[in-house]
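**Q** When you get a sec, could you build the whole thing from the sequences and use the hints?
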Amino acid sequence: MSAVSEVDERSPMFVFTDEQDALRATVRRFLAERSPETEVRRLMETETGYDPAVWNLMAGQIGLQGLALPEKFGGSGFGFVDLQIVLEEMGRALLCAPFLSSVVLAANAVLRSGDEAACAQYLPGIAAGSTVAALAVTEAAGSWRAADLTMGATAADGGYVLSGEKLFVPDGHVADLLFVVARTAVGPSLFAVDPATAGVLREPLATLDATRKQSRLVFDGARARLIGEEGGAAQPLSDTLDLAAAGLAAEQAGGARRVLEMAVEYAKVREQFGRPIGSFQAIKHKCADMLLAVESATSAAYAVGWAVDEGSDEVGVLASLAKAFCSEAYTHCTAENIQIHGGIGFTWEHPAHLYFKRAKSTEILFGNPRHHRALLADRLGI
Amino acid sequence: MSSNPDRSGLSASELALQLREFLAEHHPGRTPRSTSPLAAAERLVFQKAWQATLAEHGWAAPGWPRRWGGMGLPLRLQAVHHRELAVARTPVAPSRIGGIVGPALLGYGTAPQLERFMGPLIRADELWCQGFSEPDAGSDLASLRTRAVPDGSDYRLTGRKVWTSGAHFADWMLCLARTGPAGSGAAGITALVVDMHAPGVTARPLRDMTGGAHFAEVELDDVVVPATDRIGAENTGWAVARATLGHERSTSLASSGMRYRRVTGDLLELARRRGRTVDAYDRDALARAVTGARLLEWSGQRVLARVLEGGEPGPLASVIRLQHALFEQGLHELATDLLGAQGALAPADEHLTAGGKHDGAWLRGFLRTRASTIGAGTAEIQRNTIADRVLGLAEVWR
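Note that the protein sequences, when read in sequence, are chains R and V.
My numbering applies: residue 574 is where the first sequence begins, and numbers increase by one.
My numbering applies: residue 19 is where the second sequence begins, and numbers increase by one.
These are calculated hints, taken from the structure and not from any lab test.
Label-pair ranges, simulated between beta-carbon atoms: (1) V:Ser157 / R:Gly847: 18 to 28 Å; (2) V:Pro138 / R:Ala605: 58 to 68 Å; (3) R:His926 / V:Gly332: 24 to 34 Å; (4) R:Leu781 / V:Val296: 27 to 37 Å; (5) V:Thr396 / R:Asn629: 50 to 60 Å; (6) V:Arg291 / R:Gly760: 32 to 42 Å; (7) R:Thr590 / V:Ala412: 27 to 37 Å; (8) R:Leu781 / V:Thr396: 37 to 47 Å; (9) V:Gly332 / R:Ala605: 16 to 26 Å; (10) R:Val759 / V:Val296: 29 to 39 Å.
Cross-link-like lysine to any residue pairs, in silico, SDA-like; alpha carbons within 20 Å at most: (11) R:Lys930 / R:Thr619; (12) R:Lys930 / R:Glu618; (13) R:Lys841 / V:Pro333; (14) R:Lys841 / V:Ala412; (15) R:Lys841 / V:Arg407; (16) R:Lys841 / V:Val414; (17) R:Lys841 / V:Val408; (18) R:Lys841 / V:Trp415.
The model shown is predicted, which means the values in this text are computed figures rather than measured ones.
From the three backbone atoms N, C-alpha and C, an ideal C-beta is built for every residue, glycine too.
**A** Right, dumping it as C-alpha cells:
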C-alpha cells in the first residue's frame with residue numbers, strides 16, 4: 574500500500590535544511606554587498622545591464638551558475654529548490670544579471686534536449702560563468718509555445734541556416750551563445766548559434782523593466798547547429814519553460830516579500846494626523862493582505878520546486894499554478910507598496926517603482942497569469 | 019479511562035494501518051444532512067454515537083493525555099490521525115469536542131474538575147458550548163458585561179450570551195463573566211463552568227440566514243455556579259479562554275488539505291455536470307479555485323512541518339484562518355455561479371438533486387460561508403491581528 578509508506582516517510586517538503594539556510598544567508602550577504610540599490614540603478618542605465626565582475630564573483634566565489642547543474646557537466650549537482658533559494662534572493666535584491674536567461678532557460682533547454690554531446694560542449698561554460706547563454710523562442714506574437722513559432726531553419730552543407738526574427742529575448746544581445754527554437758520541415762527544433770557568426774543582428778529593446786534586458790535578434794542565413802532531434806524541440810521546450818516558470822515564481826516570491834517589508838517599515842515611521850500610518854486600519858489591512866499573498870506565493874513556488882526534485886509528474890500542473898499565482902501576488906504587493914508610500918512611492922528616486930516594473934514584466938514573461946491558468950486547466954483535465 | 023491502548027510508540031504507518039482497520043469495521047457512513055430542527059437532533063445523536071465509538075476503542079482526542087481518556091500521541095502521529103479521519107470522511111465531532119474547552123480544562127482545571135469532565139467530554143456523553151460572545155461584545159471580550167458576583171461558596175451569574183454554537187443542545191458552558199469592576203477590561207474576567215440545565219439558564223435557538231439554527235442566545239438569570247466550577251483563578255479568564263494549544267491545532271491542519279482537495283474535486287464535478295468547463299472564463303475560475311485549495315494545503319503543511327521540527331507555528335498560522343475564510347466564500351460563490359438559473363432556488367428545492375451530491379449543499383454553503391468572515395473574529399479583526407502581532411504594527415501606536 575503506497576499510501577501507507579507515504580505517511581511513514583518524513584517528507585522533506587516545506588522544511589529547509591541547514592545547508593539551504595546557509596546558502597540563503599550567503600547569497601543574501603553577497604547580494605547586499607554587490608547588488609545594492611545604487612548598483613541596480615547604475616546597471617539598469619547601461620545597455621548590457623550587468624556587471625561582468627560581479628558575474629564572475631558569483632561563479633568563482635559561490636558557484637551560483639553551476640549550483641544546480643549536473644556534476645558531469647561541470648556543475649555542483651544541487652537540487653532545484655537550492656536554485657530557487659538563489660533566485661528568491663536575487664528577486665529580493667533585483668539583481669541585474671543574465672542568470673535566469675543563461676542558467677535557467679538556456680542551460681535547461683540544452684539539458685532537456687537529451688543531446689549529451691551538446692551538454693558536454695556547452696554546459697561547463699555556462700556552469701563556470703564563462704559563457705553567458707540565451708534562449709530565443711518568442712517572435713512578434715510573443716508566444717512561448719513551439720506550435721506558434723514561425724521562424725524557419727533549412728538544411729545546408731551538412732548543417733542548418735536560420736532566417737527570421739526573434740523578439741523579447743531575455744539578454745539575447747549580451748549572450749556569448751544563442752540557443753534558438755526554429756522550425757524545419759519536420760517541426761520545431763533547437764539550434765545553437767554563435768552570435769559572432771555572419772547573418773546575426775542583435776539589438777536591445779527599450780523595456781519596462783530596465784533591470785532585466787530584452788533584445789531583438791534577426792537571423793539572415795546564419796549558420797546553426799542542431800541540438801537534439803530535428804523536430805523534437807516542442808516537449809523539451811515545454812519542460813524548460815515549466816522549470817523557468819518555477820524559478821521565476823521563486824524570484825517573484827522574493828521580490829514580494831521585500832516590498833512587504835519595505836511597506837511595513839515605512840508604515841511604522843511615517844506619521845500623518847499625528848500618528849504613524851501603520852496605526853490606521855486601512856493600512857494594517859493592506860499589509861495583512863500582502864502577507865497573505867507573500868506566504869501563499871512562497872508556498873506555491875517551493876511546492877513546484879520540491880515536485881521537481883522528487884521527479885513528480887505534477888511539475889507541469891504546479892508550475893502553471895505557481896507562475897499564475899506568484900505573478901499576481903507580486904504585482905499586487907508592489908502596487909500596494911507604492912500606495913502605502915503615497916507620493917514618495919511615485920517618485921523615480923524611490924525603489925518602489927523598480928519592483929513594480931519588475932513584477933509587471935515578470936507577470937508577462939513566459940505567458941501571463943490567464944495563459945497559465947488556461948494551461949493549468951488543460952493539465953488538470955478540466 | 020486509562021484502559022486506552024498506548025499507541026504513542028507506533029510508527030506512522032502502523033498507526034495509519036490500525037486506524038484504517040478500525041475504520042473499515044466501524045465507519046458509520048455519512049452524517050444525516052438537513053436544516054430542519056428534527057434532523058439536527060438526529061444528526062447530533064449520530065455524531066455522539068460516533069464519538070463514543072472512537073473513545074471506546076481508544077481513538078478519540080489524539081493529543082490529549084491518556085490519563086484523561088485521550089491518546090497522548092506525539093504531534094507527528096496526531097497529524098496522521100487527523101489525516102486518516104479526513105481521508106475516510108468520518109463524521110465530525112459534535113459541539114466542539116476539540117475546541118477551547120478541552121485545552122482550557124487541561125491547562126487550568128483542578129484534578130477533581132478533570133476527573134469529572136474529561137471522560138464525558140471525550141466520549142461526547144455531555145456536550146459543551148462556549149459562552150464568550152455577548153450582544154455588545156463580539157471579539158471585544160474586554161467589554162463583556164455578564165456579571166459573576168461571589169456569594170459564599172458560589173457565584174451568582176447574570177447576563178446574556180449570543181452566537182453560542184450548540185447552546186440549545188449543550189449540557190455545560192465554558193462561560194466568561196466579569197468579576198472585576200466595570201471597566202476592568204480583560205483583567206476582570208473569570209472562566210466558569212455553567213450547568214446548562216440549572217435554574218435561570220435559558221437557551222433559545224437563533225435561526226440564521228441558512229434557515230438552520232446552529233447558534234443560540236443564552237439568558238443567564240441569577241444562575242448559581244459553585245466556586246469549585248471556576249476554571250483557573252478569579253480574574254484570569256482571559257488567559258483561560260486563550261489556551262488554544264496552537265501546536266495541537268496545527269496538527270489538524272494536515273487534514274484540511276485533504277478536505278479542500280475533496281471539495282474542489284466536487285466543484286469540478288459540478289462544473290462538468292453543468293457543462294461549464296468549456297468557456298474560457300469558467301475554466302479560469304475553476305483554475306483559481308484549484309489554486310486556492312492547493313495553497314491552503316501547502317500553507318497547512320508548512321505550519322505542520324515547522325511544528326514537527328520543534329518550532330512555533332509561526333506567522334503563517336494566523337494567516338491561514340483568513341486564507342481559509344476567503345477561500346471558502348469564493349468557492350461557494352463560484353459553485354452558485356456554476357448552478358446557473360438554479361442558483362436562484364432555495365437549497366431544499368428538489369430540482370437541485372443531481373448526481374451523487376445534492377446541489378442544494380452548494381447553496382447552503384453559499385449562505386453558510388457568509389459566516390466564515392464573521393465568526394471567531396471577523397476578517398477585519400484577523401487582519402488587525404496579523405498586522406499587529408505578525409508584522410509588528412501594534413508597537414507603533416497604543
